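Participant: The chain contents come next:
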Amino acid sequence: MLEMQGVTAGYEGVPVLRDVSVNVGRGELVGLLGANNAGKSTLINVISGIVPIMSGRLMFDGEDISRVGAQRRVELGLVQVPEGRHVFPQMSVRENLLLGGYNRKARPERGANMDHVVSLFPRLGERLGQLAGTLSGGEQQMVAIGRGLMAGARVLMLDEPSLGLSPLFVQFIFEIIDKLHAEGMTILLVEQNLSLTVRHADRCYVLERGVVAVEGASATVADDPRTRAAYLGM
Amino acid sequence: MRWTNFSRRSCRGFFVGSAYGLLALGMGLVYGVSGIVNFAHGDFVSLGMYLCFALFTAFALDPYVSVIFTVPIMIALGALVYRFLIKPIAGRQLLMVIQLTLGVALLIQNGLMMAFGGQPTRAPSMIESKLFLVGDVVIRGAHLVACIVSFALAILLYVMLQSTDTGRAIRAVQQEPRAAALMGVDVGRVQVMTFAIGVGLLAIAAALLLPGLPIQPTQGLRFTVITLLVFVLGGMTNFVAIMLGGIVIGVAEAIGTIYMTHTLGQLLPYLIFVAIMLFRPQGLVWRS
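Those protein sequences? They're chains A and B, same order as listed. The numbering of the first sequence is the working numbering, which starts it at 1 and goes up by one. The numbering of the second sequence is the working numbering, which starts it at 1001 and goes up by one.
Bear in mind the hints are in silico, worked out from the structure with no lab data behind them. The structure presented is a predicted model; accordingly, all values stated were derived computationally and were not measured.
For the chain A half of the interface with chain B, some residues (derived, Cβ under 7 Å), not all of them:
(1) 71
(2) 100
(3) 103
Every beta carbon over 10 Å from chain A, so not counted as near; a handful from chain B, in silico:
(4) 1009
(5) 1031
(6) 1062
(7) 1110
(8) 1132
(9) 1137
(10) 1141
(11) 1259
(12) 1260
(13) 1267
(14) 1273
(15) 1276
(16) 1280
We treat Cβ as the ideally placed atom computed from N, Cα and C, and that holds for glycine.
Here chain B stands alone, though its shape is the one from the complex (with noise of 0.2 Å):
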């Protein structure tokens, strides 16, 4: 019993883990471009989980179906903020740019209170209630969707990065920005692109994560923070880390539940990764 409760966890936790890893993957990508690390990362999750739910009660879209419309609306938003509020300020002080980010963040927020009230609320999906039995282990049909597509988006995105002009011109720019515009790449359009292109994930990775979970406005903060430990976790530009520290974090916030406290259980994410960052402050992976 206790075994199976075990595998059960864990299962669960490598699903879920690599929505984060899709999470951090959209930082990763900003990172890697303009250098920016945006705190407001979470509450775009956040925002994204509201749009799915906000077209749930006029239309009474299924979250995944919901996916069609909160992908383009965030990529232009993404393309919005990039442009017309980070640009600015992007390449100057670190810390204004942290501050600029926390401020969007807290907008969004405070949006989305007012807009639909800071009682947890919830978008049902009709897979939600669908279950495998592989063995003994139970797994939840939403989990297995995120999962999958999770990794079919990393995979994608990584062969765009590696064999496609476009992922060739945002691996130039990440490597040697001025080299790239003497070669005629838009640096600028890069960077809006980019940015817009992670957030666009974040729309995909909210609707992943949507289906059994209560929302409520105040959330962002707690996907930023696990998509930093992620991001860091995972060396900030190798996807492959990336992923694997998505699962790491997934799995010990899975299983830290079972045999701790609840609450001293939630502390286990970060106490991995305190363990990690001492010993291996490189990231999981590491290359030449």
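In isolation and in its complexed conformation, chain A is listed as follows (with noise of 0.2 Å):
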């Protein structure tokens, strides 16, 4: 479904990421893993055409998609639910959620996204009111990714979903992550915690400094011992 060929791409011409090849299939949960810096939000950012591609080719439901601005990838479906959450802090609960339903596709489903995302996340139909700034870390990102729902995702990116959550809500995004794969939505997941993605994702790929160090079934890049180096650094 989503195909990244050959991509090298950086900031201010210093590549970061350097021919890589990754790829995701309808229904599809793949995990993206890699150390502080291996270039793992990069990639995504590079999905949702933020950062510029050098060379190489992004393919999204065989197309050609390297030139398209990055406005017309959220409407493709193409929905990052960035690092850090950034939900919009003086804006409600609901305002959030609206405004992920911003883009053209999304505009007219918002009313039934909204329904999917209350009914996955109960806790944020209690707090619709609420200022979004006000909420724990937990309840933000619940927020992040129902604005990512909200916004008509076809193929949802999440970046660093656990980073900053208590166990607890940790365990609840997972399982959400599970729901949402179960329903059928192709996801790819960016992570530092190992474990805990190699037991939820189908497949994974270990970046490092730039490179796919390591690729396969997640039990067998769990095993690897090339993921550990690419860990550790070594």
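Each chain sits in its own coordinate frame; assemble them with the hints.
Facilitator: Below, the structure written as structure tokens:
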């Protein structure tokens, strides 16, 4: 469904990713692992169209979208839930969700999507009128994911959704990820937490300093000694 | 007699102050979305006034009617200025942006001087001489119109920001521009649009302040300074506080000249501003 073919990309002419090929099939839950600065966030920012591609191609539904603008990619259903959540603090939960459905494609379906989000996160349903900035970190993560779903995501890219959350909330967020996966959502999950990710994802990629070091089914990636090496930077 | 004078002045200050509030709302809107303080703000007001003046001399149009033409012209101008002058250097050093907008201010000022000459002039409105009597207080029609329109626009703007998709997008860009972009909001377009709306508001404010006011090309800076006072007093992005700040400055300006000599009286708004900044640096109304 989503295919990155030999992509080199980075900031201001300095490549962060070098010749990276990653593909995500329809309905798959794919984990993207690696230490800090391995290029994980850069990779999903390339998919979101925020970081330009220097060489290689990005294919979505069989079409080359390498040159398609960031806004249009959201309309296509490539939606990123950013690291650190970045909810709109001075807006209510409801407004955050409504803004998630801002793009042209998602706007007519906001009602139905809102119902879906509230059924996934009943806690948000109770707090629709509350300012998002006053929520706990875990609740903000729910808003951020909810906002992504409101945007009509066909591929949901989650950047470190467990970051800074209590173990209980991490567990809850991963249950939600499993649930979305079971509903058929295609998910690209960026995580540092190796053991948690391999337990939930179908397949994984391990990035090391901008190149794919290991790839394959979650179990084999977990057992591969190179995975550990990538994390320890050896 | 003394008391009547006081209440008459206060009323006048309140009415004119609400138009100052409108000026500052435009500044607050732009600042919130783009982080830019526009030092050509007052000169855009000037430009709006001279556009009214030009339409008056050419077609004998009343300034209130001219708004139909001046608002679209100023909106288009605002969009062009933002797109081609401000955007390329936005986000760079603050001083560069200040210098640029000061440059735009001088450009407008001297352009007006070239086109209309330096001597003060006026663009009269038919409503200008209308007076109302409420108790002992005489109210000028033009001031009443300024007040009503300013508040109506402030409320309209508030409702637009609170409950439309465009308004939400504007606030989203204010609060988290990166996340807004990830949700498919065209951040650049929102910035151009708010700047254009801000300048369009100035076209309306210009027409509201115009009746009875002699205008000259160099007056822009005075409006910029008043706007800055109100804008800072209002805590920069808080709408209610900005309108309140406008009224404080308007009343201070109007009352100052009764009890003190003319020049000293004109200092009163600044003295009040300094006092408020000393004791309430967060602005008049604070938020949790």
